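Peer 1: One-letter residues, chain by chain:
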Amino acid sequence: MSGHLGGTAALWVLVLGSLLGLELIGKVPPTLHTPLMSGANAISGITLLAALALIGQAPTPALKLIGAVALGFALFNVVGGFLVTDRMLAMFRRREAN
Amino acid sequence: MIELTIELGSVLLLAFGLKGLAKIRTARSANGLAALALGLAVVGLLLQQGLGGWPWMLLGLGIGGGLGAVLALRVAMTSMPETVALFNGCGGMSSLLVAIGAVQLPTPLNLVGQVSVLVSVLVGAITFSGSLVAMGKLQEWLGTPDWTLRPQRHAVNILLALACLACCALVLKGVPVALAPLTVLALLLGVGLTLPVGGADMPVVISLLNSYSGVAAAAAGFVVGSELLIVAGAMVGAAGLILTQVMCTAMNRSLTSVLFGGALGAGSSQTGDGDGGREEYTNVTSCSPEECALTLEAAERVIFVPGYGLAVAQAQHSLKELARLLEQHGIEVRYAIHPVAGRMPGHMNVLLAEADVPYDQLVEMDAINPDFPRTDVVIVLGANDVVNPRAKNDPASPLYGMPVLEVDQARTVFVVKRSLGSGYAGIRNDLFELPQTSMVFGDAKQVLQSLLQELRSLGVGKVAAGAGASR
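Respectively, the protein sequence lines represent chains A and B. Residue numbers are given in my numbering: position 12 of the first sequence equals residue 12, and the series is strictly consecutive. Residue numbers are given in my numbering: position 385 of the second sequence equals residue 385, and the series is strictly consecutive.
The set of hints was computed from the structure by calculation and includes no laboratory data. One should not assume that every hint holds.
Now the in silico label distances, taken between C-beta atoms and shown as ranges [claimed, not checked]:
hint, chain 1, residue 1, chain 2, residue 2, range
1, A, Thr60, B, Met1, 43 to 49 Å
2, A, Glu23, B, Asn283, 49 to 55 Å
3, A, Val15, B, Thr5, 19 to 25 Å
No farther apart than 16 Å at their CA atoms in a straight line, the calculated lysine to aspartate or glutamate pairs in the EDC-like style are these [unchecked claim]:
hint, chain 1, residue 1, chain 2, residue 2
4, B, Lys392, B, Asp366
5, B, Lys320, A, Asp86
6, B, Lys19, A, Glu23
7, B, Lys23, A, Glu23
Not close to chain A: a few residues of chain B, all C-beta gaps over 12 Å, as computed [as the list claims (entries may be wrong)]:
hint, residue
8, Leu14
9, Leu352
10, Arg428
Fair warning: this is a prediction, and the values are worked out from it, not measured in the lab. Backbone N, C-alpha and C define an ideal beta-carbon position, used for all residues, glycine too.
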């Protein structure tokens, strides 16, 4: 299993990604704390990529099953997270229109 | 090449999505953008690795995605915090499973890979069990048992953490079986860390666990060698930390006191609106909705203070109706929103938005506090700790220092509450005993409905209708 980069370069990716995350969110109005948490939470379900990779590379059905369960958990997080966030934010939009 | 382009594109979209989510104007489209980014990332990955094992993929997709969608569309806005906790826990579980699966692949992992597996298992398990405990506490399935608050708990947690580290060392020494005890110990550690945290602090914990699940995702990225996963995980992990910090500031709590300080008002009483604690209050006046209606009718400025009790009673629509009636009568109506009213920051805004309350009537704490002295009537609906004067006056109180709505400055205060039970933090509220305060006991929705009836029978609505017609 290897991506585009070697091990050390991947560590750079980690560090720079973290710095980006620190910078992206500065001041957040309290109104948005809940939706933002929920949205960020949905993004963290991106482990579904790892689950897909596991299914792709697994030689045995047992291992593929583990991958499928992992995928299920991740998708529960992703699909549920984005929909719930959208439901919350939809209410703000209607209010803005008033 | 095309896969790379897609991957880079989805990283960009993710970053913009996360940024946009922090601003009201762009939040909704940003959420869509982030969802699109995840979809793109999946397409990119599948282009790269092919569709091998697709029945398994469909299985996971159908069950996980389906259940997630059903839950997300069905769940009531009041249970949003616990829902987020549940989703978050499942993300952690996914990272945990991926790591456990990855060690069984025929290709041996290098050192970075092995360490990542360990991080993924450890953090994933803590996230999972911690989030489930958080959910249980928010649903009030779990309380804060006294034994969890003994100082020994720190020793237990430290021992658990050390045992986890020992297991990690074993795995690195070439004993992969040690992953099993590591998983169990990390799950226990998640419970041990979350169980003593008080219900009022739970949002902060969920936010922190959310950050953890980002870390777990980044670790899983190292395991499977996906830079996209590493970037996204790192981004969410870091952003989650910032958000946690922002929330702590809003509640005037430090992260360490949330995590290690235990529940507020620990041991004084169980949480909830039970009948316990009634004898603690000596000087309480209570009144009927009729009396309350009479006072309201004569008022010029009214402020509503909604809290979680309002949400539980699903009374936001009745409240809106009452507010409209009062406005027709020429009374100025506003809502005072404490940053942590409800069970999660911003929770009240979401609920009142659901009832179509106009944006400009929701006033945040700092803006409305100076107005309380010239306010005739304040109606506190199912809020408790956020209006407790002790937070200002009593340095010994665990609430001391938390910014509160200064409703005690108003001329008349009505507190609508089911009983005199203590608040979520389990602390006695001096507001209830003030001379200008009257308690209106009952379910928020029923009280509001009888208020509406009383006001209508006083002719409040009719007068307004007549005035409207003559205009």
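Peer 1: Should the hint that valine 15 of chain A and threonine 5 of chain B are 19 to 25 Å apart at their CB atoms be regarded as holding?
Peer 2: holds (24 Å)
Peer 1: Are the Cα atoms of lysine 320 of chain B and aspartate 86 of chain A separated by 16 Å or less?
Peer 2: violated (23 Å)
Peer 1: Minimum Cβ separation between leucine 352 of chain B and chain A greater than 12 Å?
Peer 2: With a cut-off of 12 Å, leucine 352 of chain B comes too close to chain A, as the shortest Cβ separation is near 9 Å.
Peer 1: So is arginine 428 of chain B really clear of chain A, every C-beta pair being over 12 Å apart?
Peer 2: With a cut-off of 12 Å, arginine 428 of chain B remains clear of chain A, as the shortest Cβ separation is near 27 Å.
Peer 1: Using the beta carbons of glutamate 23 of chain A and asparagine 283 of chain B, state whether their distance is inside 49 to 55 Å or not.
Peer 2: The hint (49 to 55 Å, Cβ to Cβ) holds, given that glutamate 23 of chain A and asparagine 283 of chain B are roughly 53 Å apart.
Peer 1: Is it true that the CA of lysine 19 of chain B sits at most 16 Å from the CA of glutamate 23 of chain A?
Peer 2: holds (9 Å)
Peer 1: That 43 to 49 Å hint for threonine 60 of chain A and methionine 1 of chain B (C-beta), does it hold up?
Peer 2: Since the Cβ atoms of threonine 60 of chain A and methionine 1 of chain B sit about 33 Å apart, the hinted range of 43 to 49 Å is violated.
Peer 1: Classify the label on leucine 14 of chain B as holds or violated, using whether its beta-carbon is more than 12 Å from each beta-carbon of chain A.
Peer 2: For leucine 14 of chain B, whose nearest Cβ neighbour in chain A is about 6 Å away, the distance does not exceed 12 Å, so it is violated.
Peer 1: For the pair supplied as a hint, lysine 392 of chain B and aspartate 366 of chain B, is the alpha-carbon distance within the 16 Å limit?
Peer 2: The hint holds at about 14 Å.
Peer 1: Is the Cα-Cα distance between lysine 23 of chain B and glutamate 23 of chain A 16 Å or less?
Peer 2: The given pair, whose Cα atoms are some 14 Å apart, holds under the 16 Å limit.
Of the hints listed earlier, those the structure fails to meet are numbers 1, 5, 8, 9, in rising order.
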